[in-house]
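Trainee: The residues making up each chain are set out below.
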Amino acid sequence: MAEESVKTISVKDLVRKVLNHEELFILDVRNTDDFDDWKIEGKNIHIINAPYFDLLEGVDSIRDKLPSDQEIYVICAKGGSSEFVAEQIAEAGFSNVYSIEGGMKAWSEHLEPIKVGDLKNGGEIYQFVRIGKGCLSYLVVSDGKGAMIDTNRMLNPYEEFISEKNITLTHIFDTHLHADHISGGRKLAEKHGADYYLPPKDAEEVQFEYNHIHDGDEYTVGKATLKAIYTPGHTIGSTSFVVDDQYLLTGDILFIDSIGRPDLAGKAGDWVKDLRTTLYERYKELTDDLIVLPAHFMTAKEMNDDGSVAEKLGVLYQQNHGLNIDSEEEFRKTVTENLPPQPNSYQEIRETNMGKISPEEEQQREMEIGPNRCAVR
Amino acid sequence: MEANKILDAKGLACPMPIVKTKKAMADLESGQMLEIHATDKGAKSDLAAWAKSGGHELVKHEEENDVLKFWIKKGQ
Chain W
1 MAEESVKTIS VKDLVRKVLN HEELFILDVR NTDDFDDWKI EGKNIHIINA PYFDLLEGVD
61 SIRDKLPSDQ EIYVICAKGG SSEFVAEQIA EAGFSNVYSI EGGMKAWSEH LEPIKVGDLK
121 NGGEIYQFVR IGKGCLSYLV VSDGKGAMID TNRMLNPYEE FISEKNITLT HIFDTHLHAD
181 HISGGRKLAE KHGADYYLPP KDAEEVQFEY NHIHDGDEYT VGKATLKAIY TPGHTIGSTS
241 FVVDDQYLLT GDILFIDSIG RPDLAGKAGD WVKDLRTTLY ERYKELTDDL IVLPAHFMTA
301 KEMNDDGSVA EKLGVLYQQN HGLNIDSEEE FRKTVTENLP PQPNSYQEIR ETNMGKISPE
361 EEQQREMEIG PNRCAVR
Chain G
1 MEANKILDAK GLACPMPIVK TKKAMADLES GQMLEIHATD KGAKSDLAAW AKSGGHELVK
61 HEEENDVLKF WIKKGQ
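Just so you know, the protein sequences line up as chains W and G, in that order.
Take full-length UniProt numbering: the last position of the first sequence gets the number 377, and nothing is skipped along the way.
Take full-length UniProt numbering: the last position of the second sequence gets the number 76, and nothing is skipped along the way.
Hints are computed from structural coordinates only; laboratory data are not their basis.
Treat the hints with caution; some may be incorrect.
What the hints assert, rightly or not - Pairwise CB distance ranges (calculated):
no., chain 1, residue 1, chain 2, residue 2, range
1, W, Asp60, G, Asp27, 33 to 43 Å
2, G, Gly54, W, Asn304, 41 to 51 Å
3, W, Lys115, G, Thr39, 34 to 44 Å
4, W, Asn166, G, Val67, 43 to 53 Å
5, G, His61, W, Lys223, 57 to 67 Å
6, G, Asp27, W, Lys115, 54 to 64 Å
Just so it is clear, CB atoms sit at the ideal spot from N, CA and C, and this is done for glycine as well.
Whenever a hint applies, use it, and build me the whole structure from the sequences.
Mentor: This is the structure we're talking about:
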């Protein structure tokens, strides 16, 4: 009887609810360290933590904290313990209890495509929001041709999307050598016969053939044009793209509410000047109307009402603290001192992206667990 | 390391390694040692957190050919 009242919900359906800013109550039953490190966040999410191993014999200890008039969504690392706890909650007399299928692992891997806008010469640009990890990747589409920027490891969501829309991929770019997530760019390019591009300064140690991106290079995708601008600072090779003079893809250099950190390749001190020049000179020469599309977001506050993460460059110059530090010394301190912890496994992730190591899929998954932490505020 | 009891939790996914550990622990006297073998990667941080919250001591853990081994000493 009791077990029948436990339902499951897919991460896909849960993401929809989060992006629609629905009121949600979530019980996270992972251990408290994992919860503190990384959890589901959103504008109207009420989330509490109680480790499953304290709830094996019943949920009396948290009964007071559970709502009786609202759905209860239970999540754990992979979906096993959440089901177990959801049953305990149902047995305690609660209805509308859901276990989230696949847990935080599935949450971390889900990509949701959102249309950002139309291109002036015909075509569209889509943002793939990896909500569980704060990664953003982009697809520029025009005349049936497509270019991907900062592709994530999971290729299925992209491939389903391009086959549905009948798109032929021609160009795959990485704005820099990523340290927080494993790039799917090279693999996607190989599978679809597209060309894979990297900034050569980030790629001195890579173990595979790739095409070089240089400052000022222009790429034609259908009727759309992508122009490369060399914008170092997060890494020495970091490159941005301007799409049809409308969109500015900033990679990990500039985010909505923060700026890139210069230390993930171990060179914080050296790259501070580059970061300063990029943010305070190079981007400033661009028009304020460009819509900034970063490769990451850190909190739900950076998200627009439709779930997209995008803002005009001019607005960021007014509101983003990292663009408004007058003193060079203070800027240096901000981006080199008291930095957040480095992303989990960031060295192994860099080596994987260089083709130096080739971990199994399950290992790659483990390496990517956790938040992205590519920014400083 | 000498254990009073060995628990094979290999191949089990969460929450079973902890469910079994808890049961096995109940049969031990305080101060006695339980050795656990598991393959679920999540067991590492979960067993450590569980031992701590239950007043037990995670004395040692090691990894051998994808098998995680733990030694937990029962608390008071």
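Trainee: Among all the numbered hints in the text so far, which are the ones the structure does not match?
Mentor: Hint 1 is the one this structure does not satisfy, whereas the remaining hints hold.
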